[in-house]
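Residue strings, one per chain:
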Amino acid sequence: MAVAGSVKAALQVAEVLETIVSGCVGPEGRQVLCTKPTGEVLLSRDGGRLLEALHLDHPIARVMVACVSSHLRKTGDGAKTFIIFLSHLLRGLHAVTDKGKDSLILKNSQTHRRHWKNCCQWKRISQALLTFQTQILDYVMDQHLSRHFLSIFSSSTKERTLCRSSLELLLEAYFCGRVGRNNHNFISQLMCDYFFKCVACESGFEEVFDLVDDCFVELTIGVTGLPVSDSKINAGLVLCRDFSVYCPADGDIRIVLVTETIQPLFSTSGSEFILNSEAQFQTSQFWIMERTKAIMKRLQSQNVKLLLSSVKQPDLVIYYAELNGISVVECLSSEEISLIQRIIGLSPFVLPQASSQYEISNTASVKFCKPLILRSKRYVHLGLISTCSFIPHCIVLCGPVQGLVEQHKDALHGAFKMLRQLFKDLNLNYKTQITDQNYTSSPLIYKNRESNQLPEIVNGSIQSPHQGTAVRKEDELAKPQKYLKVYSNVVVPSGELETYISCSTPKVTPADTYQAGETLRCLSANKTRIIDDHDSFIESDPTIDSTAEHSRIEISHENLSIIKFARKGSMLPVRYKSLEMGTSQSYYFSSISAGCVLPVGGDFEILLHYYLLNYAKKCQQSETTMVSIIIANALLGIPKILYKAKKGKHSFPQVYIRALHALQTNQPMVSSQTGLESVSGKYQLLTSVLQCLTKILTIDLIISIKRQPREIYDQESEEEL
Amino acid sequence: MSRLEAKKPSLCKSEPLTSESVRATLSVLKGIVTSCYGPSGRLKQLHNGLGGSVCTTSQSSALLANLSVTHPILKILTVSVQNHVSCFSDCGLFTAILCCNLIESVQRLGLTPTTVIKLNKHLLSLCTSYLKSEVCGCRIPVDFSSTQILLCLIRSILTSKPACMLTREEVDHISTLILKAFLLTIPEYTKGHIILGKSIIVPLKGQRVIDSTVLPGILIEIPEVQMMKILPIKKSDSLKVALFRASLCGDLSDTGKGTVVVNDGLSLENAVLDQLLSLGRQLVSDHVDLVMCQKVIHPALKQFLGMHRVIAIDRVGVALMEPLSKVTGTQPIGSISSISPSSYGSVKDLCTAKFGFKWFIHLIPNKATVCSLLLCNRNDTAWDELKLTCQTALHVLQLTIKEPCVLLGGGCTETHLAAYIRHKTFNEPESILKDGGCTQTELQLISEAFCSALESLTGSLEHDGGEILTDMKYGHFWSVQADSPSVVNWPDLLSRCGCGLYSSWEELNWSFLRSARHPFAPQPCLPHEAMDSANNLTVDCFTAKLSGLQVAVETANLILDLSYVIEDKN
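From first to last, the protein sequence lines stand for chains A and B.
Residues 1 to 721 in the numbering used here are what the first sequence spells out, letter by letter.
Residues 722 to 1291 in the numbering used here are what the second sequence spells out, letter by letter.
Simulated from the structure, these hints should not be mistaken for laboratory data.
Keep in mind that this is a model prediction, so the values were computed, not measured.
Heads up, a few of these hints could be off.
[To be verified] DSS-like, lysine-lysine: derived pairs with alpha carbons at most 27 angstroms apart:
#, chain 1, residue 1, chain 2, residue 2
1, B, K961, B, K796
2, A, K312, B, K1016
3, B, K842, A, K644
4, A, K424, A, K197
5, B, K1016, A, K646
6, B, K729, A, K8
7, B, K912, A, K370
8, B, K950, B, K912
9, A, K36, B, K1123
Only chain B is shown next, with the shape it has when bound in the complex (with noise of 0.2 angstroms):
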């Protein structure tokens, strides 16, 4: 019998974000983002007090997946964050860090929202349809008939996650090996559009980094006595492949809804045997000289198989079957009785292999565009971050694909919009104030929290107490370390600027990052001599950060517009 049970009455809070203690999360959660964010950011570690994994990252994907937030508002800003990690894998932390810089921001100023969210809106706009321009200072086109800015980018992504533990050599490997194992996913001769291949991460534990390696094709794991039973195959220029969807292991199929009567001293499980094994007679009769199945093999049939010199390989998991037949051409074969010949596929070759303590069965493909990276990393928690790190590297270079150019990393992007959104509120606000509805007081003080917040981005790219400075000339984002002289020569202190582009041997004038200046334009059209002498830039996925910012800023707003919470609390 069901109980019928009266709902609570929820509870409904106006005005959420004036409330001291929601802003009091706000800042923690804030802390705690802006504490992971870039190369030198801190370690978080979580873990469950009764125990289990520990979690060591500076991730936002893995950071914000593992925290428990309770507060409604909180939860739409990490939910959209993760729902933004989760589109293009990188940027999470600068889009959350953006996020609640803005609501802090703009809250000080006690503008309506009606006002702010308009003009937030507008600056917003600016932003993006400056970065998306031609004359865009702080963009970088790809050119992938070399593989410099690709490695900038890849590079970039692996020294931000410091949780990784590589050391500088070992960033070098990684970043060649993710480069190498995208490349291989490129099919050579397309037509139309292309379609991408898969490049599969393979865990080895407890090995060193750069024992990690690159290999076309496809790595089983499989069990060492299994490998003993694997004889050296006779040599031809191909292997013939079956690749098995249903089970082999002997189970009757589903009978219907109906009842089925068996009669006394009759054994089904006989009669399914009796066709297992007049389908193993045809697989050999086919010259078949490796079966693979999703499911279990039956051990008759699996013996039956190996006196006839036919490898199989069984419980290969749904994961792995899309790669599989696409490597070796094959269609998953779903009947147990009768196989059409046109199923069978071939691999180029089939090699055993030992990696650390582990043994693979390498299926060489004759060409596809699938490959695996076998991922070394010295401990558990490492090896997630550092695989992570590796998906988000590769998500990143799809998107670049598509997008064919970068954005400049360091925090110059960042300290160049502000400079511009400053510049243009400063001389042209008509464009924006057309529509009507705001003062050039309100639009002047909206677009300084705005661009206060890019900077505090930026400033908290510095953990180790520097100061951060900005030049007069590009808007390019320079720290200085902490307790240097403060009267002294500015290019002696300083050499190159967040994303490496210019050095101080040029004549520029700087001024800190928090002081007060006066708005000026930063220098559009980034100079090639300029991009071709700095073989060491950092630089970010443009996909990626421009909707970071879009998303940023939505969510700033949708915060900003609530004027009720309603909180269910059955």
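Chain A extracted, bound-state conformation (with noise of 0.2 angstroms):
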């Protein structure tokens, strides 16, 4: 059977996974209780958790859920921001064809023939939101919204110093969102000393969000049956299993890792032992006694007091670790073994092969190791010494129900993830396009870049094709309603920014020219007005570009690296392509640096929707201006919910209406929130969600298959061939 794919259809799924996830957003959030097919329950706030648990049929609703979660394993947040979002992105779109309809598909009486036509609409609405993604979104980003980020380091010194007080106000607020009222403070307080707890030194806290991130399931323990605020943060490491020989210890404690059995065995895999008599048995078994007891000797005399081991040791070795007080931990999961070898840089023991030499190289030292007693569970407790910059410490994690305990484990993993984001540089870039006037200034300029790089352009013209074809197709859909900017190129070193300058002053003047003869062109009422728009756009640009240079000539020092990353890819290739249209693109390349906040309470939304709405004031291309202005409005969905239960003051409207004279004023924005959220991980949360939609809105047709998926294995098909 085929379905027709609609706005109205996805319209409908969005709005009743909406209806679910706004019912735990923001701090006024409330639990989600799931059941498993085992009997398990488990509590949750976390979108995607929520979403997967659904298991949901309509083929809408899973494109969408798979798009959730593929955006939860990169960022780890926003799942229920990405739900709202959407929905309120289809209703925007829905309401807008609503009312197009009768006058763009008047005269199409069959049904049939309308649908394609809707889709012929929808296509070119989604390519409209993929210009977006790729060009509009980062300009604005990166002209507007910029000014207002705040940082989570501390301003006053070079280094980059986390400030604790500004990395508490972040965990709250995000984990306002992800677990219980009555939690979330104590939770996030236990998550920034444990991250404070756990780094050695100012500068290497980025390995240890690698490593915690990677490791996090091994670095907590889940104890059901106490009161939540009796989670503790444990130095050392704590593993999930007993002693199989505890032999108490102090002093100098040496420990070795062990993959394999330390009892040689009769035979090992493809061998074959022979025994011909019952001496022979015998001696051989009396082999393997002396050597496993040398072994264990020898261990011992290198001050060697813990064995620890991935798999179970036999009842000999056992004994003869017990006689040399040697203790044992057996069974260990390949996953502890090596987050311990990240943590002390120990690799496993081999077994010598001859019997002579038994040189034992591999132990590291601990400061401790000893039983833990957690509500009558034994554990393991390590003081491992760390050779990286991560101090290694554990969280017992304590609950009245294991549903409750893996809430909290999720979530605190989920901050781990978001802070690894956090501390990242996202990269923006976007292009202008200049007309064909003054292509002649611009080849000047690529000839200096490609005599620098000329061996780099190989990298990039994979991807040249690509976005020169995106260039056209857009020039053949939107009418040529080129609109001008100019801005200083950001990526010219000194030198060439001079050549750059210098024609810059032609440019202005065809744009002008070029915006008469469009305007002229259009036959809309409201002519004079975009000729208003238009002057005055131009009137304030050589302002706003001479601030933008100063600020990109210093961006383009501090992150060196990246604008030659950048330029190795896309950019050399495709200017050379768009020489032969007539018309040349100026790329500009920025990023959003690393630790860059904002208040939390939409904040990000409310700034980004004003500026859009700039934006698509001043643009003239229909649907450009269309889409931000959609987008745009959907945006304010997320305040209104946060805001929702608020009155008076702290109602959306006169939030709303605060921040938008703030904002046309030019005065600070005041924040009734307290809390700080991560920019980057707002726009990633746009840009996917603005994917997801693309995807849904170029499907046409559904066709459900009645036959089982079948799996394909690649090997048999070789095998058969």
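Take the two lone chains and join them into the complex the hints point to.
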């Protein structure tokens, strides 16, 4: 059966999901209880988990859930906002097309044809969305939004040092949306303490984030039956199993890691052991015993007090370990082994082949090794001495039920993911187009550059055809209403900048003339208004330019590596292509630098809304304008929900008007909320949603197949061939 | 070939608590737990319709473990109570009832969950900080130099489990035994922190409770036939013991992943038996008197050892290995070909004993913190209940060592706490309201709901239709028998309060627990003379009750916060 894919269907699906997730969004959100088929119960406010737990049937819903989970894998945050924003966008699109339907497709009586027509329209819109996402969004972020950004690093010093108070604000806002109302303060304090205990030096915190994010499961211990407030941080590493043998030891304690049984076996896999006589059997058993004894003796003489094994060791090994005062922990998982290896940089101990040489080099020191009892269950507690910038600590999470402990565990893990993202620079790049009149000036610049970067063109050439066609398509689809923007080139190092500036003057004039022609062709009634708009914009241009230039140049010095990398990529070949087309594009590379934050509670959304509307006002392309307006309005959906329960001065309309007023008069925005949130996270969310929407819009037909999807085995098919 | 099966969509319900069926199931669960509470609680008989054992109980751990709960919300509640019980052994019913009461009483108010949860948390922290503070009027410090309070604690636990079917004398006997067993696990000399030993409960069903006893060391049950073979041992000051972890039955050990080819006519069993016998010779030449093995000993080896007057006991089992190695000071041996002399241990003496119809070998240690509690009761179900109760009592004693104080039992702590909360929220609401977000009316409503949840918890101690009163000075719990004349002099009807601390001869004012009272400040700081005079108090474990209170409020908050339930139907 085939069903026509439509915005309406998608909207219905999204709205159903929205009602569920909007119940748990923000600080006022509530919990959702999920049961697993195994009978376990899980508490959650995590949007991704909820969507997965629903096991949705509807094909469009499945597309959405897939998009959300791929977004979550990347950033670890924003699933609920994703759904809310998506449904607002769909609602906006739906409203727009409903209105325009009569005029657009009045003549088409046949529904079939109407459907195809609709699809063409959706395709155009989706392409406009793509254009928006790749060009306009980055432009607005970089040009307008970036001056509102705050940084999580303390500004006083040159080096990047994390400011505890701002980290606290960030985490508190994060946990507000993730854990129960009573616990978010406690959990965010716990996480903050944990982080600062784990970081050895100020500079190495990225490494800590990577390690904690990768090995989070091994670094937390869940304990049920105790109140949440009993959760604590333990110095050292806690392993979720008991000692097989425990011999109390102090002083210099050395440990070894083993991944195989220490006792030699009769035969290893692939070999054959032939027994000829009983005496031979007895001697070989004797030899095995003697050898085990010798290895354990040797370990003892090296001061080894603890044997960590990934496999179960035979009774004989356990016996000799106890005789030699060596504690044994068996059956460690490979993740635990690799975590220990990462922390202390110790490789597993390889059993010597020849019986004479027992040189054991792979040992490491630990501060202590003792049993730890948490609610009458015994754990192994190791005081590892770290060789990296991570000082090992464990979080012991308590809660009355497993479901709650799991929730806190997930939230903490998500927070580490979020922070890991926050401390990475996020590249922004966008282009503006320059018309044919001034293309002659452009090659001058390229030639300069080409001489520098000739060998690197090969890299970028893969990308270039694609981008080129995208540009061309856009040319075909959108009416040739090229809008001119003149900005200084960001990337050009100072030497080239002069040449560029010299040619920036002619650029303005042709732009003017072009526009004049354009407006003449434009037969709409609001002609004068458009001209007015543009005039004012061009007037303001030089000032923006100059300020932009200064800031850009600074950035280009700071982020030299980024620029280099970016240039390697798409820039050169595309320009080369655009030369042929008669238009050239200038590419701008910038980044949302690591640690950028904004106050929580819809600040990002309101700011972007404001600037997008401004942009749309100045923009002439009808589709871009429409898309920008739809996106701008959809953005407000999130603060609307956040302020739903608030009354009076803190109600949404009041907050919104105050914010707009502040922006118009260039005053700082005053936020009622104290928390912070990551800008790059929000930005990534926005792009993910737009990508998801494009995906949904480009589907015209959903065909359900009765046959079970067969898994494709590559290897088998090769064999058959 | 694996089959890919499409997952069924889940069921999503909004606002689960408002549904009538959920309320009904909650009140059924509440009915079950409430009726079990306290010394006069009613027993529940749990049985499977297809046969099998029948369990008669009034304990939360046995009850909830056997009850199959399907609704996710009830599951959260029962799982959280079970987790609490597995941590603290005691106060499971208290937690369950309080949680049910809180949900019920708060729901009636119809306030938003945000306010309810926030205020509940404030009230909880008010309770915990009061209970932990020095001025707390319902906490008694434990004096370890006398057994009085400890015995009271054990007796309170025993009497609150009516399914044990104990008479008054039996309660006294068992409480002394439990205390004795506990004291035997405390090491005499310690440096640094104390490591408690272990008391092993040995079952003896079908005997009189009075026959129960406690013995230092370990009792190992052996069949009567084997008992005959054990000859009286030559007397020396101590006996040498070897304890084997490895199996001595003569099977081949793990030969690895490859193949082992055995030539014709070669008997590996013989080879291993030769090894075993040479091990026997070594044991004999080392003058070992007693050989114990976790697994099986080969009969030939057993016979060889018997001939040389060495006692062999096999199939000891993994549970006894740790206490055995502790008692004897041995290292469990994992090898069958060579034994280091340092792995032998010793016991002071060994004797055989017959309790009821069972034969035991009794290992008497030189000095060790392991003892055996031989527990008797008339039938299986009563024995199971008694065993659980003894474990609870032993655990509670351990918790009391860590936190040396107890709370007043018999409902007095709850009524006292309710009076304190009422007084506090009525007279000093500013401290709670200062962070904004809720009004004074909301606070009054929630605190009333919280206190009535606590008070109706104590109300469920009374199952025989009696009335419950509280005094206006200490805020303690008093109960009157049913159908007593309505207008009388209260002191004539009441004798002692629930915990037994105060008698009615004092000049007190009483009021019905259900009626409205003006908030009053319950008298803080227990008077010393009152504590000394009363030797038969009802007291509860401090740690368990405090954590039960916290868990109950946290769980109730969790359940009240639910906006959706998503049920996976796969």
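Evaluation of the provided hints:
no.: 1; hint: K961(B) / K796(B); result: violated, 53 angstroms
no.: 2; hint: K312(A) / K1016(B); result: holds, 19 angstroms
no.: 3; hint: K842(B) / K644(A); result: holds, 24 angstroms
no.: 4; hint: K424(A) / K197(A); result: holds, 22 angstroms
no.: 5; hint: K1016(B) / K646(A); result: violated, 70 angstroms
no.: 6; hint: K729(B) / K8(A); result: holds, 25 angstroms
no.: 7; hint: K912(B) / K370(A); result: holds, 16 angstroms
no.: 8; hint: K950(B) / K912(B); result: violated, 43 angstroms
no.: 9; hint: K36(A) / K1123(B); result: violated, 38 angstroms
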